[in-house]
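Engineer: Listed here are the chains, written in short residue letters.
Number of protein chains: 2
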Amino acid sequence: ADAAAMTSARERQAQLTKPAGALGLLEDLSVRLAGVFGTDRPHPRGVAVIVAAGDHGVVAEGVSAYPPEVTAAMVAGFTASTPSGMGGAAVNVIARTVGAKVYVADVGVNAELPTHPALENLKVRMGTRNLRLERAMTADETLQAILAGSDLAGRAIAEGADLLVPGEMGIGNTTPASAVTARMLGASVASVTGRGTGVDDATLARKRQVISAALDRDASHAGDPLGVMADLGGLEIAFMLGVMLRAASERRAIVLDGFVEGSAALVGVALAPELRDYLFPAGQCAETGHAAQLAHLGLTPMFDLGLRLGEGTGGVLAAPMLLSAAATLREMQTFAEASVPDRE
Amino acid sequence: ADAAAMTSARERQAQLTKPAGALGLLEDLSVRLAGVFGTDRPHPRGVAVIVAAGDHGVVAEGVSAYPPEVTAAMVAGFTASTPSGMGGAAVNVIARTVGAKVYVADVGVNAELPTHPALENLKVRMGTRNLRLERAMTADETLQAILAGSDLAGRAIAEGADLLVPGEMGIGNTTPASAVTARMLGASVASVTGRGTGVDDATLARKRQVISAALDRDASHAGDPLGVMADLGGLEIAFMLGVMLRAASERRAIVLDGFVEGSAALVGVALAPELRDYLFPAGQCAETGHAAQLAHLGLTPMFDLGLRLGEGTGGVLAAPMLLSAAATLREMQTFAEASVPDRE
Chain A
4 ADAAAMTSAR
14 ERQAQLTKPA
24 GALGLLEDLS
34 VRLAGVFGTD
44 RPHPRGVAVI
54 VAAGDHGVVA
64 EGVSAYPPEV
74 TAAMVAGFTA
84 STPSGMGGAA
94 VNVIARTVGA
104 KVYVADVGVN
114 AELPTHPALE
124 NLKVRMGTRN
134 LRLERAMTAD
144 ETLQAILAGS
154 DLAGRAIAEG
164 ADLLVPGEMG
174 IGNTTPASAV
184 TARMLGASVA
194 SVTGRGTGVD
204 DATLARKRQV
214 ISAALDRDAS
224 HAGDPLGVMA
234 DLGGLEIAFM
244 LGVMLRAASE
254 RRAIVLDGFV
264 EGSAALVGVA
274 LAPELRDYLF
284 PAGQCAETGH
294 AAQLAHLGLT
304 PMFDLGLRLG
314 EGTGGVLAAP
324 MLLSAAATLR
334 EMQTFAEASV
344 PDRE
Chain B
4 ADAAAMTSAR
14 ERQAQLTKPA
24 GALGLLEDLS
34 VRLAGVFGTD
44 RPHPRGVAVI
54 VAAGDHGVVA
64 EGVSAYPPEV
74 TAAMVAGFTA
84 STPSGMGGAA
94 VNVIARTVGA
104 KVYVADVGVN
114 AELPTHPALE
124 NLKVRMGTRN
134 LRLERAMTAD
144 ETLQAILAGS
154 DLAGRAIAEG
164 ADLLVPGEMG
174 IGNTTPASAV
184 TARMLGASVA
194 SVTGRGTGVD
204 DATLARKRQV
214 ISAALDRDAS
224 HAGDPLGVMA
234 DLGGLEIAFM
244 LGVMLRAASE
254 RRAIVLDGFV
264 EGSAALVGVA
274 LAPELRDYLF
284 PAGQCAETGH
294 AAQLAHLGLT
304 PMFDLGLRLG
314 EGTGGVLAAP
324 MLLSAAATLR
334 EMQTFAEASV
344 PDRE
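Chains A and B supply the protein sequences, listed in that same order. Taking our numbering, the leading residue of the first sequence gets 4, the next gets one more, and so forth. Taking our numbering, the leading residue of the second sequence gets 4, the next gets one more, and so forth.
Chain A with its partners taken away, still in its complex shape (with noise of 0.2 Å):
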C-alpha cells in the first residue's frame, strides 16, 4: 500500500468538519483505501462480487446438514431468471439492492451444469478429492483454480470493479476452511471448526473428527501454503485466493466475507503479506474460527449481524460502508474550507 497517501490521508481526516475520530473505524477504513488506491482522495466506484463455486469429496464423510446436489442447485440458483432481474439467492438479492455487479464461476461443481450466458465454466474438475483420505487438488489443480480466479477478477476489474468481493457456494466447503485454518494457525481443530450450515452436534464431532484425520494424514506446513491449499482446500477456495491475489496486484480493495474466504485469506497472506493492506473485513460471522482468523490478520471486521450463509452477501453488504469511508476523505470539507471554527 502507499504509505504517502496513508500518511496524507490520515492528516486530511483531521482537517476535515467533524470532531477528530468522531468517524470511528470509517476514519481508519478511508485511510487503509487511501493506502491501496494510492491518493488520499480515493474514488472506489464499482463494486463487484464474484461467486465461486465447487464440491468436496469430504462430503462422503456426512459433514454438513445438506445434501451435495445443493451446490449446483444454487448455481442455477445465481443465474436463474426472477421477476426482480437475475439470480434469485441472497447474494443477487443483496447486490441489486447495493449495486454491485454479480460474477458466477463454476470451479469445480460435481455435475455438468447447463451452459449459461452468466455462468463461467471454468471448472477444474468434478469436486475435490475426500481429503480425510487423501490430498484434495494435485499441485496442478490447484494452480489452475487459481488462475481462473485471477482471471476472472481481471477481466472484473477491466469491467469496472473497484471493490472486490470473493464469494463462494460449495456443501461442506466449511470442512476444507477449518482444515486450512488450523494448519495455517497452528490452531487446535475444535478451536477453528463450527456447525457450517448448521450440523448437530454429532455432525459436528465428526467433521471434528475428520479434519483432525486429514491434519494427520496430510505432511502439508504452514511454511508451504500452496501445498496446504492442495492438501486441504477446495477449488472454489483457491480460486478466492486467486482472486484477491489479483485484485490487489491491480490496486484494488478486496472485501472479505466470511469464514471460508477468510480461510483462502490466510493462505494468500502467508504467500505474499502484502496481501493484508488490501483485505476489509466486512462482518464478524458467526462461524467459530472467524475471529481467530481475523485476529490473525489483524483486521478488525466492520459490522456483526451474524450472518453465516457465505455467497460474498457480508462483503457486498459492507461495500456502501466502504464506499462511504473513501467518499469522506474526497467530499467532506475542511474546517478552513467551510469556515468553520476547530475546537477552542
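Hints in this document: simulated from the structure, not taken from any laboratory. Backbone N, C-alpha and C define an ideal beta-carbon position, used for all residues, glycine too. Incorrect hints may appear among the rest.
Stated by the list, open to error - Chain B regions said to be covered by chain A (calculated; three or more residues, Cβ under 8 Å): (1) 95-109; (2) 277-283.
Said to hold, decoys possible - Residues from chain B that face chain A, not an exhaustive set, calculated with beta carbons under 10 Å: (3) 24; (4) 188; (5) 218; (6) 286; (7) 289; (8) 291; (9) 297; (10) 300; (11) 301; (12) 302; (13) 306; (14) 313; (15) 334.
Chain A is fixed; fit chain B onto it per the hints.
Structural biologist: For chain B alone, kept in the frame of chain A given last:
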C-alpha cells in the same frame, strides 16, 4: 406494527434458499420491516435524512469542546455548494454515496442564518434557555418544535421517503440528551453522560455537575415525557421526536442514529409505546449512555463502528442494510421455487 405480516414474513424467511437463520440479524430486521410496511414483501424505496439544528443555552456553562458558533457554521456546511454537490459535511457525503436525500432544518440556531433554498427556516427560538438554571423550553416551544419535525417528515414522506433518519447538529446537545436520558431511565448522571465531541476530564466533570444541578432543579418526571423534553431537552431533540412520531404514524421505518437521537426516542416510546416497532437502531454509538438507551428500547444495533458524530451519519450508513433485509423477503427464491433440496 402488523403482526400478521410479521408472522408471514417469519415463515417466508424459513423457506428462502439459505440455511435457516444464516442471515442473522438481517432476518429479524426483515420481519420487523414487514411489520412496519404491513406486508411480507416490504419494498422501502426512498431514504431521507432530516438534519435539525439548534443551539443550547447550557453552553454558557462550558460543557462543550467547541464554540457555539460551530452550529451555524455547520448548517452552512450542510447546504454549501461543493464540487461534489450540495453539502460538505459527513452526512451529505455519506447520503450521496448511498442515495439518500438530505433535508436541513433550522429549528433553533442562535443566529440569523442566510436564506438558502435547501434550508428550512423553522426556527422556534434562538436556542434554548440554560437548563442548569431554568426550563430549557416552554411547553409551547416544545410543541412547536415537535410539530415542525412532524411537518417536515410528512413532506419527506410525500416526496418518497420510506426510511427516515432523524439527525441533528447542535453544539452542546449531548448535555440535554444526557439529562433527558437520566430522567427517562432513572439512571445515574455518570452512567449516561460522556465526552460528546471529546471534552477533557475537567469539562466532563463540569458537564456532569451541570446535569445533576438541572435534575435537582427540575420537577419533571418520567411519567410526563413532554414535560421532561421541555425542561431538559432541546429544540432539535423535540423536532426529531416529531419526525419519529410522524414517520411511525405514516407507517414508515425510522433509522435511529446515535445518543442524541436516542434521547428523543426515549421520550417518544414513553408517549406512544408503539413507536418502538418503527425504530431501527443503526450503530452502537461510542457515547456513554447509548447502550443503556438501546437496552431500554430492547433493540439491537446493526454495527459498531465507534461513530460519535451525529448528523444522522450512522443512520444513513445503515440504510443499505435495511433495504437489503427487506429485499431478501421480496426477491429471494424459496427452496420450492428454485428446486433446491432442503436439508436432509
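Engineer: All hints, please: hold or fail.
Structural biologist: Results for each hint:
Counting residues of the region 95-109 of chain B whose C-beta sits closer than 8 Å to any C-beta of chain A gives 6, which meets the bar of three, so the coverage hint holds. Residues of the region 277-283 of chain B with a Cβ under 8 Å from some Cβ of chain A number 0, which does not satisfy the need for three, so the listed coverage is violated. The restraint placing residue 24(B) at the interface with chain A holds, with a minimum CB-CB distance near 7 Å, inside the 10 Å limit. Proximity of residue 188(B) to chain A is violated relative to the hint, the smallest CB-CB distance being about 24 Å (cut-off 10 Å).
At a threshold of 10 Å, the smallest CB-CB gap from residue 218(B) to chain A is about 26 Å, leaving the interface hint violated. Hint on residue 286(B) holds. Least Cβ distance to chain A is approximately 8 Å, under the 10 Å limit. A least Cβ separation of about 6 Å between residue 289(B) and chain A falls short of the 10 Å threshold, and the interface hint therefore holds. About 15 Å separates the beta-carbon of residue 291(B) from the nearest beta-carbon of chain A, more than 10 Å, and the hint is not met.
Proximity of residue 297(B) to chain A is violated relative to the hint, the smallest CB-CB distance being about 14 Å (cut-off 10 Å). Among the interface hints, the one on residue 300(B) is violated; its C-beta lies about 18 Å from the nearest C-beta in chain A, farther than the 10 Å criterion. Violation of the interface hint for residue 301(B) is found here, the shortest Cβ-Cβ separation to chain A being roughly 17 Å, above the 10 Å cut-off. The criterion of a C-beta within 10 Å of any C-beta in chain A is not met by residue 302(B), whose closest approach is roughly 14 Å, and the hint is violated.
The interface hint given for residue 306(B) holds, since its Cβ lies 4 Å from the closest Cβ of chain A, which is under the 10 Å cut-off. Taking 10 Å as the C-beta cut-off, the interface hint given for residue 313(B) holds, the closest approach to chain A being about 8 Å. Interface restraint check: residue 334(B) against chain A, minimum CB-CB distance 4 Å, threshold 10 Å, status holds.
Consistency with the previously given hints fails for numbers 2, 4, 5, 8, 9, 10, 11, 12, ordered from lowest to highest.
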